[in-house]
Amino acid sequence: MIGITSYGAYIPRTRLPFSVIGGRPAKDGGPERSVAWNDEDAITQGATAAIHCLEGIDRSQIDMLIFASTTLPFQEKQAAALVARVLDLGRDVQTADHTGSTRAGTSALRSAFDAVKAGSARCALVIASDARMAAPKSGMEINFGDGAAAFLISDGDAIATLDGFHAISDEVTDVWRPTGHEFTHSWEDRFVIQESFTPNMNRAIAGFLENSGTSIGDYARVALYAPDARSHGGVAKAAGVAADALQSPLFGRLGNAGTAFVPLQLIAALEAAAPGEKILAANFGNGADATAFSTTDQIEKLGPRRGVEWNLARRRVIGSYDDYIKAKGLAAAEWDAGTNPGLSATILFRERDDDLSLLGQKCNACDAVQFPAQRICETCFAKDDFSRLRLSDRTGKVVTYTFDFFFPTPNPPTVVTITEVDGARIHLQVVEIAAEEMKIGQEVEFVFRKIHESGGRPNYYWKGIPKPE
Amino acid sequence: MANKESIRDKVSIVGVGCCQFGENWDQSPSDMIVDAAYEAYADAGIEKPQEQIDAVFTGSIYSNKGPHECADALKLFNKPVSFATNYCATGTDLIRLGVMSIAAGLYDTVLVVGYDKPKDRGVSGPSVVVDRVRDLPQTPAGWFSLAAATYFDKFGAGREDLAKIAIKNHANGCLAPKSFLKRPITEEDYFKARIISWPFGLYDSAAQTDGAAACVLTRTDLASSFSKEPVKVKGVTVRSGPNPQKDPNNDFLSWKPTAWARDDVYEMAGITNARAEVGLAQVHDCFSLTELLTYEDLGFCEKGSAKEHIADGAFELTGDLPVNTDGGLKTFGHPTGATGVRMVYENVLQLRGKAGDRQVKGAEGKFAVSHNIGGHPTACGIAVLGRD
Chain G
1 MIGITSYGAY IPRTRLPFSV IGGRPAKDGG PERSVAWNDE DAITQGATAA
51 IHCLEGIDRS QIDMLIFAST TLPFQEKQAA ALVARVLDLG RDVQTADHTG
101 STRAGTSALR SAFDAVKAGS ARCALVIASD ARMAAPKSGM EINFGDGAAA
151 FLISDGDAIA TLDGFHAISD EVTDVWRPTG HEFTHSWEDR FVIQESFTPN
201 MNRAIAGFLE NSGTSIGDYA RVALYAPDAR SHGGVAKAAG VAADALQSPL
251 FGRLGNAGTA FVPLQLIAAL EAAAPGEKIL AANFGNGADA TAFSTTDQIE
301 KLGPRRGVEW NLARRRVIGS YDDYIKAKGL AAAEWDAGTN PGLSATILFR
351 ERDDDLSLLG QKCNACDAVQ FPAQRICETC FAKDDFSRLR LSDRTGKVVT
401 YTFDFFFPTP NPPTVVTITE VDGARIHLQV VEIAAEEMKI GQEVEFVFRK
451 IHESGGRPNY YWKGIPKPE
Chain E
1 MANKESIRDK VSIVGVGCCQ FGENWDQSPS DMIVDAAYEA YADAGIEKPQ
51 EQIDAVFTGS IYSNKGPHEC ADALKLFNKP VSFATNYCAT GTDLIRLGVM
101 SIAAGLYDTV LVVGYDKPKD RGVSGPSVVV DRVRDLPQTP AGWFSLAAAT
151 YFDKFGAGRE DLAKIAIKNH ANGCLAPKSF LKRPITEEDY FKARIISWPF
201 GLYDSAAQTD GAAACVLTRT DLASSFSKEP VKVKGVTVRS GPNPQKDPNN
251 DFLSWKPTAW ARDDVYEMAG ITNARAEVGL AQVHDCFSLT ELLTYEDLGF
301 CEKGSAKEHI ADGAFELTGD LPVNTDGGLK TFGHPTGATG VRMVYENVLQ
351 LRGKAGDRQV KGAEGKFAVS HNIGGHPTAC GIAVLGRD
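So the protein sequences, as listed, match chains G and E. For the first sequence, counting from 1, position 389 maps to 389 in this note's numbering; every step adds exactly one. For the second sequence, counting from 1, position 27 maps to 27 in this note's numbering; every step adds exactly one.
Only chain E is shown next, with the shape it has when bound in the complex (with noise of 0.2 Å):
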């Protein structure tokens, strides 16, 4: 039985750093992590990170490398450092293991580094996969685009309200300094674009981008000495799914891992209303009804009703509860590895009150929710952090 409460507050972030997203021609797998670490060293105060690191937990997808390309673009030896993958769910995941790690009492400090480099395989998006000859075609689009026909003929919403979804992440993209995408859309923009895999077009679908992201964690009773702005992790968690394309009752209304995560991270934290006690949240929109359907998956609203709440501007960065503030993967760029740290450096800056032009008001009193799914999908992730 696992104890809800074994988590909350032991935990702190003292640190993140985040290299620039995009096409990174030029940069290794190494480089972009120097850059997202070593931005969270300064960050933490850390000018000794061989002294002062205990251990490293790094994960990626695509650059499948294993521990030691994180630890040689460091220099972190003779240290436990742990290889990690969860799906596009890695980055939270990675998070969760060094929190339990010194939630257990076996490290004091220690570093979590996603990272991902799919702009060395040479196509624009995934690849199709023809390994089998069932389960084809294999594309992410196609996977979560199996949600769409089912969720369209139960509740009646439409691609115009996706467009809406990816006119917003467009929005606040062009506000974040290290997004990928810094172009706003218009909703002629999203109608013109050419269909992946319907009912998603170009601008549904995120922007597969290189990328590194990195926190320092430490324990909470020690976390003045690193930093004036520390953030309390209040819970994280991983939940396991079926197969949506063989789960014999799934209704394709929803992904039935974010709604467990949701159940377990809460009781961990303590939500129970999360539309009042959430002031921000990231969420994984690998895929512009993704985000929709998480928006009810995570009790944002009721489960159909998003729509409405779409068009009544609440999850904008002027709503009362903003999503994917930095324009999320769609612009920011999705990184596998790195998104699940990426998101929560941005919910670090935003209950810092440091997030620039994209700032959120008032967010500092709440919580700030980071969701992340993977596989078809058969993962979440959820991290909620909080500044009390």
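Only chain G is shown next, with the shape it has when bound in the complex (with noise of 0.2 Å):
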């Protein structure tokens, strides 16, 4: 049965209140949407909910992987195929990314569906991650979140089968963000709900459901973009979605995550979903598409996963909005990072397999594993004789740590450790940790992130975060 086999989120941890964006104190239980921060972007947060979608999943399966994203770093170079190396997935898999609207997440489920029912892939990984930046003080700035969502989709054990899509395309410039801008525009919001994401979304759910011949009652769970939560409450109106069936699009906790947003609210339905349900996805971006799903009795079988939930209960709440401005690359600087050529492309070639896949090795002659890759063991001598390890999915232990209070980060100091992973020692970043907390055999385990950004481009390496419960 073909179908979704496994999904992860990622949310930032980073939460900045509205009340903070107004220039008032952060304030308990008030709206608040998350914030990639200065060492995230779309890269390390779809490689993040990849690696949650992944827990307990052989790697060597999966031969496609698609990366859906409208802020991908990069406008000439692959996304895909970077987060590929970064989950170590060796080097037969079909790559692509999805990009240029919001609804580039669910187009590109439904690619990855028509892959394997086509035969032309075994096993497909979509990922869908956005880091929008609006204008400092805009209405945008408000609605916008950010975050990533991951699904496995293979002929299988699938916990969710997709049972129809259907897409209408439009030509209209309601939001869009011209090659080299760095905000997201909008024309007015009235033109924009009036005259596109509602007409647009009405005419892809009411064709679905003529195509498909069932009605919205059918639908236990609908998912709906909008850009806020106003024009989400009158399109399921519209629709004639039932309130017990609506779907929280989680305004005022995560915010408008542009092509994460439709496919993480599908997580949350999932995580919330019992086996035989329909599921309705509607996503809206230059037209709409509408998908179903079904749960299936393997929905119960899956393990634990690091859903919406999980990640919406990991915050980090901001007070300053200096701090955010300055994590976001907006304060002015008196050095452009871009001003000089960035890091030698040679050597972070033959390092890719080090930093990007933090794989060590294993001495073959002493069983003693080691980071970097070296040729001659540091326990017992012995010359090229090793295999390669993943460590990027082991636990580590803090040896010994201090706080730099001159490593360039918005909020000082960086804490920087000695850690230990199956016996190889790492000089590692940690993060998400206040110095206070910081104790000699912390456990950490790896995440992916954003390092500096020498030449104008992002550089990425591991970093710790203190291992979650």
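Heads up, some of the hints might be wrong.
Unchecked claim - Stretches of chain E that chain G covers, calculated by requiring three or more beta carbons in the stretch to come under 8 Å of a beta carbon on chain G:
hint, region
1, 130–142
2, 189–197
3, 219–225
Note that these hints are calculated values from the structure, not bench results. This one's a predicted model, so the numbers in the text were calculated from it and none came from an experiment. Yeah, the Cβ is synthetic: ideal placement off N, Cα and C, and Gly gets one too.
Reassemble the complex: the two chains are provided individually, in unrelated frames, and hints are given to aid placement.
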């Protein structure tokens, strides 16, 4: 049975309260949005969601990876190929990026499903991730949120089948971001809602119901894209979605996460769904689409996943709008990181297995594990006799640490550790921990993050975070 | 197999020189090299260096322009001039190369010049290196502070012990005419200063400065023809070590290269009880904790006991084993390639009894040790000098 066999979500831990955007202190329980911090972007979020999706799953079966995003850090240079390396998927993988519209997440899901159905892929990983930037203090800044969703599609133990898909296209300059622009633009709200969002959503949903011979009441859970909470309510009402079937759009907790927005709602629906439920997901962006799923008995057998609820429970509320501006790179800096040619591409190329896949090596003679790759064993001096070993999904332990106040970051100090993993020692930054909480023996898990922007481009590596409970 | 006695007493230092250390905005590397070398020539009574110097060993980290910079500054042409570098241990390694060349019978008299010019770069401390994605942040404070959490955890020491080292080195620096900083500090100053990389604050960290230091080495049997007060090289060594950041069994309680170099050089010099036989030491206080660890790693006290000896004042000018008598890297200054040679300059003055207000009483009859570490640290150089 072809369908979704696993899922994983990632929502940045940092939350920006609306009150802080408005220049007031953070208030407990008030509305907020998620924010990709200075070491996060669509690629790091997507890689993390994928790692959460692949928990306990053999990665060697994956032969297709589609990365959907409107905020790809590179316009030329594929995110999917980079993430495939991060996930240590090997080279025999079809990779593609889907972009240009917030619908890219659902259209990527459909493409993956079609590929598996046609036999051109066995097992496809679909990642939707966005970290869209809105102009500071704008309405969009409040409604946007950052996050990523990942799904595994294969012909196997599907937890949900994909029952049907209907898409329509529309040409309208309602929401757009020209090449080179940092912020998403929008025409007048009323125009966007009345002439693009509402009619496109209505038409996609109605068309799907007609083609499939189903009615909206057949769907126990309905996930809808919307630019804001009010228009979400409007389109739900127009489609006749019952209140108890309407999936929360998470405005005020997460925000509109672009290509990941409807996919994250779909994950939230799957987390709550019982076997045999029908789910409808309608997405928008230069047209609209509607996708229907049915959960299977298998949904109860999938082990615990890091889904939407798990991510929403992890929060770091920031109380300073200045910190947000600094983290997003919007504060004026004395030097532009892009004024140098950046890191040597030759060195990055040679060190891909170390830096992107976090592969250590195990000495075949003495079993000592070391990182990075070296030709002579540090322990027994055997030469060129190693097996590679993926460390990114292992748990590390802090041997020692310091707090560096010099390294450029929006919130100094940078926590730096020597972390031991399977006997290898790694010089590792640890994030998402307060200095006073750091201790010798702290357990950490590895997360893929941006390290710096030398050369005006993101340069990635791994960091540690305190191992979640 | 190394012959541990192949160096002892074969080479003597007959001249030492050191330029004013500091932010030498109006001096080029060549200007400082000339100041240091000509002071060493005068000290050795050398009037015709182009005839009397057989070979030159020079080195630096920041002004990495090869041997010509020194050869051209001093107009020492048609000679073997070599440029060597060994991180912050460059100075001691230059002396070792000079000593070996004489002990091997190749040359009679050689000049050693260590120098550096970090203040031409426009930053007040070492640069934050961003040429890779891993091993960041890359600053020396961040490398050396990695031993703090572990050492404090195991032995119960803390910043209050480090403060005493900083206060001592600031006091000693005030007494050295060529030192950069001449300002005593209090414990209050220490704790008020900004943190660089915990637990290191401003006063835990060496003063990066410009500077050059030089010495003239010759065969011991020729020494009396140069100087009335030659000082003998009892032993000199360097040791490499693993990168402590990836070494699978580093305990972060001591730095391995120091312990290895200590065993080697003490055997060369015949030292069996360092605390009793060493009269004074210049050690690599790139950071206060590095000096503390070095007390223990050089065998001046037991591992873990340094804070008690610090509290007793053992390493102050009036103590039984004064350390960093000229203020050390902390206040005399740390022009990377010059530092090991500057330490030998200080030890020679002390052994001659010519160190002025900072003169250590009773130093003449004992060994004087100078200690340099470099890298993460991944290298250590130690030189032992003596009068007899």
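- Query: Can you list which hints this structure breaks, lowest number first?
  - Reply: 3
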